[in-house]
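Trainee: Sequence:
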Amino acid sequence: MTAPAPLLQVAQLVRHYPLPRTRLFHPPQQVQALQGVDFTVTAGRSLGIVGESGSGKSTLARLVMALDTPTAGTVHLLGRNLHTLPPAELRRARRDFQMVFQDPYGSLDPHHTVERIVAEPLRAQGQVGRAEQREQAAQVLTQVGLRSSDLGKYPHEFSGGQRQRIAIARALITRPRLIVADEPVSALDVSVQAQVLNLMQDLQQQFGVTYLLISHDLAVVNHLCDDVVVLYQGRIVERGTPQDLFYNAQHPYTRALVNAVPQIAPGRARARRTAAGSSAGIAR
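Following full-length UniProt numbering, the numbering of the sequence shown begins with 1 at its first residue and continues without gaps.
Think of the hints as simulated: they come from the structure by calculation, not from any bench.
Derived pair list, reagent style SDA-like, types lysine to any residue, alpha-carbon separation capped at 25 Å:
{"no.": "1", "residue 1": "K153", "residue 2": "Q133"}
{"no.": "2", "residue 1": "K153", "residue 2": "T113"}
{"no.": "3", "residue 1": "K153", "residue 2": "D109"}
{"no.": "4", "residue 1": "K153", "residue 2": "F101"}
{"no.": "5", "residue 1": "K153", "residue 2": "Q139"}
{"no.": "6", "residue 1": "K153", "residue 2": "P110"}
Generate coordinates for the entire structure from the input sequences, incorporating the hints supplied.
Mentor: Here you go:
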């Protein structure tokens, strides 16, 4: 049986950024943000990219979204090399991949209504009239748990979690095959994080969307992804399922990330209180 073609294929991706020249006759130094990153994503099987700040995660997200140009390497989505497409073809291809950013308020123009924000990808495609844009925006808002009556409101009228729902609605409106989510819940309260992750999981099941989830938190990735790669100083140092990494991490950096996940030990606090009470009784 032939294996399905990958939805996304990243091959030997390299990105270097030049630093300001410090000596007149010496070449400028470079920051090696990515150094030969390889991975594939199969449709319906979401991938988590995990690493701390400075590991190259956001650079990778920008390159996958064709918002930046690689120093070397390729990004193929549905068999198309995104970085060699002419501008008009790239604009049409963006129907198939959208992005959710980390800061739900910073990514939403405060001067625009929710209707204009959510319908923006449709306007960019230029293939849908105003009435249909409004109809689709209203539909996708209800699908992310908001109301169609919210179309006329502005971002400041919503909570952080609601603003991220608006951002997800904007990403979902073109019915993309891939959504790149760059730290989509890190700016939210813990209780709201779970709501947004559950929403993303429900939308995945409903529409078959595949996620490329960028995060520093293995627990967040475990909630949503089938596979994980660990990025450290611009290189992939380990890959596997979330369970593999949680219980059998091989690289020291991965083990450090696992140890950073908060652990809840039932009964431990009660044991401490009991021991404290016993000590107090003896003291009397």
